[in-house]
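Top to bottom, those sequences are chains Y and V. Numbers in the numbering used here are just positions in the first sequence, counted from 1, shifted up by 34. Numbers in the numbering used here are just positions in the second sequence, counted from 1, shifted up by 34.
Keep in mind that the hints are not guaranteed to be accurate.
Claimed, not checked - Among the chain V residues that face chain Y by a calculated CB cut under 10 Å, a handful are:
1) 122
2) 129
3) 137
4) 141
5) 177
6) 179
7) 182
8) 184
9) 190
10) 196
11) 203
12) 283
Claimed, not checked - Take a look, some chain V residues computed to stay more than 10 Å from chain Y by CB distance:
13) 45
14) 69
15) 82
16) 97
17) 101
18) 173
19) 208
20) 251
21) 265
22) 301
These aren't lab readings, by the way, just hints derived from the structure by calculation. All values reported here derive from a predicted model rather than from experimental measurement. C-beta: ideal position from N, C-alpha, C; glycine also.
Residues per chain are reported as follows:
Number of protein chains: 2
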Amino acid sequence: MKILVIGAAGMIGRKLVERLARDGALGGAAIAQAHLVDIVAPAAPQEAPFATTTAAVDIGAAYVAPKLIAGEPDVIFLLASIVSGEAESDFDKGYAINLDGARGLFEAIRRRHLASEGRYRPRVLFTSSIAVYGAPFPAVIDDEFFATPLTSYGAQKAISELLLADYSRRGFFDGVGIRLPTICVRPGKPNLAASGFFSNIIREPLAGRAAVLPVSEDVRHWHASPRSAVGFLVHAATMDTARLGARRNLTMPGVSVTVGQQIEALRAVAGEAVVRLIRREADETIMRIVAGWPSNFAARRALDLGFVVEANFEDIIRIHIEDEHGGRIG
Amino acid sequence: MKILVIGAAGMIGRKLVERLARDGALGGAAIAQAHLVDIVAPAAPQEAPFATTTAAVDIGAAYVAPKLIAGEPDVIFLLASIVSGEAESDFDKGYAINLDGARGLFEAIRRRHLASEGRYRPRVLFTSSIAVYGAPFPAVIDDEFFATPLTSYGAQKAISELLLADYSRRGFFDGVGIRLPTICVRPGKPNLAASGFFSNIIREPLAGRAAVLPVSEDVRHWHASPRSAVGFLVHAATMDTARLGARRNLTMPGVSVTVGQQIEALRAVAGEAVVRLIRREADETIMRIVAGWPSNFAARRALDLGFVVEANFEDIIRIHIEDEHGGRIG
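Take these sequences, add in the hints, and give me the full structure.
If you want it as structure tokens, here you go:
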């Protein structure tokens, strides 16, 4: 089996490749070869039981996708995105990568499908986002609530979902779009994303560093661990897609907690001294942005289809400690 | 005020232009000039109180939209579409016109908006379709039900809606997308569209000709007259769009009736002899296609925003008699 990962240098891409290298297989089929690409050359996994090639490519360039598909990968992960803030500040770049990049890939697969008289029909996994939804929301968003993005990033994801569903319905490939919750706890350094604090207030105190909480404790949000995000992708790559019918895009399960509940979970797992490293410092801009985000979903279809997530936020913290601190803190 | 109508040779386009020529104004502003385009050159209205130019253009060609926008029309009607059946049989052409045609227009407006430092910001009216919805449906589809098209045409309309909303949110233009019901009674000859019989069984008997009914009388569907469709467009062109917020695409009001109720209305308006011209002849293919179509909507937002439609199917028939038979039948 041949795998293509587009966006392999990103946080989820790296963790996905680590998991594939550890498993050596996907859905019972041994992985023979993996091609890993991103806008910067991704690192190859250190001890993968399969051949790995890497390349730096820009999926905004029209010539790229046909070259990526020429080797007929069996499973394609499309994880690459311009993030929300940049897609808002650079309209052309956001559409070029998030819409035209996805469409160019889908179209390159279709051309290969047609040229092979239908023989080539890969599985395509696409990471969408809960940013396809826009306020006002019901208290709990169900699987049939409409997509009304309030950012260009969300519009680009919603459009790519529609393309993925139509190309899949027509039989050009076998696609699954997964709407990821906010990934928490994000490893690495604090970043400038408006959502950064959800991870910062856990990751930084666990590492003995202070963190700023810019919103009130009653802000509720929808989370899943990086490990779950990888699990979603692997499950989507191996599931029976006949059960999806024409509805190919799924809101992934998550854990809906308030910031106060996040802090309580941190206290339960790591103790009061760690929690004391959180400093309250209200930020009106971040509060306003976050107020427009969805906070809770009933992801019934994904749960019925076998996608699994943490049971509670304490488990999300424990997974972070296992995966990023070797199981120990302090 | 300068008007641009793209798709002016189509049934709704022609009736819109007739209405504009009759009114001579839009929202209280006199129309100085109208540019009418379609894939074939549209007819200019016979006695318009404004200057009219016409042209045959293909909006699938990238050079066309910037030329159409160069004259800075104040109000732009985008009515042109590849119809559902052709968009399904010719995948490339459907996407080229229904998606790239719309996007190319939106992008040409944005370029002009940016070049004018924000001065140029026209009103854009886009005809979408209830084909953005796909079965299974609730009995009544509300304004927050999700778009899951089951045709490439529906996907292209849903994508264009998302683009229109994002370009409007960013302030590049002031867009309104209107999801038309099935237009009934369509004037002209019977066509091969699967939905054709909804009009055929009214229009043909009223003209003294036989018509075939290929489905059972309990099939329910969502209708509006051609006159209402023009009314929707004129209202969308003149309404206060501040009331729309970020949700720029609206399901238009309609009349939900079964085929049996259509026939009852025809009997009430035109008598038993006319109804006897309808011949039942079941068509399994058409029955299967129609079973996937939505049949009833609660179009509350559009009604709240002042869009109006016929009160019942008898009125739809009477309007057809007024507009196409000079008010007399038999």
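Hint check results:
1. 122: Since the shortest Cβ distance to chain Y is 9 Å, the answer is holds.
2. 129: holds, 9 Å
3. 137: holds, 9 Å
4. 141: Since the shortest Cβ distance to chain Y is 9 Å, the answer is holds.
5. 177: Nearest chain Y Cβ about 8 Å off; hint holds.
6. 179: Cβ of residue 179(V) sits 6 Å from chain Y, so the hint holds.
7. 182: With a closest approach of 6 Å, the residue 182(V) hint holds.
8. 184: Given a least distance of 6 Å, the restraint on residue 184(V) holds.
9. 190: With a minimum Cβ separation of about 8 Å from chain Y (threshold 10 Å), the hint on residue 190(V) holds.
10. 196: At about 5 Å, which falls below the 10 Å cut-off, the nearest Cβ of chain Y leaves the hint on residue 196(V) intact, so it holds.
11. 203: holds, 7 Å
12. 283: holds, 9 Å
13. 45: holds, 26 Å
14. 69: Given a closest Cβ separation of 27 Å, the condition holds.
15. 82: The claim holds: residue 82(V) sits with its nearest Cβ about 38 Å from chain Y, beyond 10 Å.
16. 97: holds, 18 Å
17. 101: With a cut-off of 10 Å, residue 101(V) remains clear of chain Y, as the shortest Cβ separation is near 21 Å.
18. 173: Since the minimum Cβ distance to chain Y is about 14 Å, residue 173(V) lies beyond 10 Å and the statement holds.
19. 208: Holds, because the least Cβ-Cβ distance between residue 208(V) and chain Y comes to about 17 Å, which exceeds 10 Å.
20. 251: For residue 251(V), whose nearest Cβ neighbour in chain Y is about 28 Å away, the distance exceeds 10 Å, so it holds.
21. 265: holds, 25 Å
22. 301: holds, 38 Å
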